[in-house]
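Asker: Spelled out, the chains give:
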Amino acid sequence: MSGVGIRGAPPPLVAEGLVRAYAGVRVLAGVDLTVEAGETLALLGPNGAGKTTLLRVFALLLRPSAGHLALFGVDARSAPPALRRRLGYLAHESFCYPDLSGAENLAFHARLFQVPAARERVDALLAWAGLETAGRRPIRFYSRGMSQRLALARALLHEPDLLLLDEPFSGLDPAAVETLQERLVTLREAGRAIVLTTHDLDRAAPIATRTAILHRGRIASVLDGRGADDVAAAYRAVVAGGR
Amino acid sequence: MRGALVIFRKDLSIEWRTREGLSSVLVLGLLLLVVLTVAHDAPPEAAPALAPSVLWATFLFTGLLGVQRGFLLERENDCLAGLLVSPVDPAAIYVGKLGANVALLAIMQLFVVPLVGLFLHLDLMPVLPALLVVLALGNFGFAALATLFAAISVRVRAREVMLPLLLLPLLVPLLIGTVSATRSVLAGGLALATDAVTVLVAFDVIFAVAGWLLFAYVVRD
Amino acid sequence: MGRVLPAVTCVAMLAALYLVFMVVPTEQQMGIVQRIFYFHVSSAWMAFIGFFLVAGASAVYLWNGSRAADRLAEAAAEVGVLFCSLVLVTGPIWARPIWGVWWTWDPRLTMTVILWAIYASYLMLRAFGGEDEAVNRYAAVLGIIGVLDIPIIMVSVRLLRGMHPAVIARNEGGSGLVDPWMRIALLVSAVALILLGSWLMQLRVRMGRLGEEMATLRHEEEARRGEVA
Chain P
1 MSGVGIRGAP PPLVAEGLVR AYAGVRVLAG VDLTVEAGET LALLGPNGAG
51 KTTLLRVFAL LLRPSAGHLA LFGVDARSAP PALRRRLGYL AHESFCYPDL
101 SGAENLAFHA RLFQVPAARE RVDALLAWAG LETAGRRPIR FYSRGMSQRL
151 ALARALLHEP DLLLLDEPFS GLDPAAVETL QERLVTLREA GRAIVLTTHD
201 LDRAAPIATR TAILHRGRIA SVLDGRGADD VAAAYRAVVA GGR
Chain X
1001 MRGALVIFRK DLSIEWRTRE GLSSVLVLGL LLLVVLTVAH DAPPEAAPAL
1051 APSVLWATFL FTGLLGVQRG FLLERENDCL AGLLVSPVDP AAIYVGKLGA
1101 NVALLAIMQL FVVPLVGLFL HLDLMPVLPA LLVVLALGNF GFAALATLFA
1151 AISVRVRARE VMLPLLLLPL LVPLLIGTVS ATRSVLAGGL ALATDAVTVL
1201 VAFDVIFAVA GWLLFAYVVR D
Chain A
2001 MGRVLPAVTC VAMLAALYLV FMVVPTEQQM GIVQRIFYFH VSSAWMAFIG
2051 FFLVAGASAV YLWNGSRAAD RLAEAAAEVG VLFCSLVLVT GPIWARPIWG
2101 VWWTWDPRLT MTVILWAIYA SYLMLRAFGG EDEAVNRYAA VLGIIGVLDI
2151 PIIMVSVRLL RGMHPAVIAR NEGGSGLVDP WMRIALLVSA VALILLGSWL
2201 MQLRVRMGRL GEEMATLRHE EEARRGEVA
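Residue numbers (the working numbering), protein chains in the order written: chain P, 1 to 243; chain X, 1001 to 1221; chain A, 2001 to 2229.
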């Protein structure tokens, strides 16, 4: 509930009682969460807790079985195309075609999102991702780190107001991690909202303004920006306690 | 619908880059044609009568294999999700993919049909315009249904057998229409084929609209 | 509906059997074997009702995700395929003594085969498509497309060159139901088979619901065990 907010504007994300279930299997069992502009929320949880599913629901890729989701005040169920323009989603997969080059992939997504001044934007992001020369080669030949940086570039291409990042630091070497952390802080200070999932507390803690722990499909606890040790302790407590 | 054009061009550039789909579809078309012609083993006088069935059986089976590639390429790196998070309407994805399939299949037809004329001792030149109309109608109708069901088949188990299993019964009226129309056209031109052409046009329209409306339910969870 | 439907079905079936075998006079040209016509045509009508139900229930399911609609679609498809199979079996039994052939590609039979194949593939999709919930949606799409194909199939099969033109002219039903009892017998048979089909669907829907409840209970039990351990 804390964090910097633009006065008067609806929060980027309000989730109430989100459930995702099929035949008795509840991947999400009632998630309540609000994310304000200028926040960076780190979402932690053991495997199978539902982090990826939750992020996909936020990204409007999955429909919840029950519950309510509002993005920028708009009900997700009636999401108009314009709403998707304000979302940027990074998944485990890169969403990029192996036979096209990095530049071609970014240009394609730029056209999908109707990004103005597309060519300049693509060049700028390739530089941001450190892929100026590699941008011309098919991404089939990219290393894991390069793919990850390209996927991030793709997610940021259209300057979304809400960033949903699923394990953004995976595959990145320490230098790249630091660069990404700096970029994310810059974006946060510009008023964007960021939700990221991670396994690695140490990488998320420096930039997170809030941390939420997801356990068995529910938000077990939410902590305002504290040190990594406090968060780790809380995490262990949640998992050991079995909710 | 701009999105449809963007996706269409992207599919064509990927296809052009590898030419994998195109070459396999052309070679398969040739092979099927040879197999069917040889299996019939008809004497030269009887051969022309086989042309409609051989042509469309070749098209059908080659098409079944060729049309999967459009959605298989979206599976790598979960690219379809990349399309779905964008502002582009799923119906536009359908139209884009449909266009790409029609283009691919048209190239295959332009390759196979002259070979049919060659193998079956048939002169196609006099009836070419009418024949092209029938080819186009058959192509579009096939692609309209196949694009929808290819999207389904790549997401289920038993993928290889599921697409023909689901599509072939639905395509029988198209097959009847195209074979009948082709036979009439070869006999004397489009005028003889009005009933068949009506069936084909109805098929094309109904299933293009149905595909356009139902595609979103296939791709969106 | 619980007890009433089976009871009424039994009564109707008995009435139909009585009428068809005891009351109705033997048909002039075809003899005793013509009596199968009443069940042949009634089965066809029930099959069609089943397939239209599949489409309707599928549309409802796509619209609002109703589990009941999905279960009904599956049940209607199974019952539809069952009665369609009956048509395809009774057809040749009727045809062989009269026309001398087991099979002919005349419009009506061809259409029946195609329909059977479409909804058999629907059942295959549900059976072998995998565990994902999305398969229900794919089946629903197929159910709707199948019904849209029906008018086109009807028109296109007329383009087929029939083997025996005479057969097409006087296939079935059209051959003058001269005796009023024949019309009554047909009506009663149709009602009986429709009731039978409805009862089977009711049972199948219940089966589906119980199956889902079992799966839910199993998963909840596993989740509970997981927590204790």
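Think of the hints as simulated: they come from the structure by calculation, not from any bench.
Built from N, CA and C at the ideal position, the CB exists for glycine as well.
It cannot be assumed that every hint is accurate.
Stated by the list, open to error - Now the in silico label distances, taken between C-beta atoms and shown as ranges:
hint, chain 1, residue 1, chain 2, residue 2, range
1, A, Leu2210, P, Asp202, 44 to 52 Å
2, X, Pro1048, A, Leu2160, 18 to 26 Å
3, P, Arg63, X, Pro1048, 16 to 24 Å
4, A, Ala2223, P, Gln114, 42 to 50 Å
5, P, Gly30, A, Glu2222, 56 to 64 Å
6, A, Leu2210, X, Leu1115, 51 to 59 Å
7, X, Pro1048, P, Arg77, 42 to 50 Å
8, A, Glu2213, P, Ala240, 51 to 59 Å
Asker: For this structure, which hints from the list above don't hold up?
Answerer: 3, 5, 7 and 8
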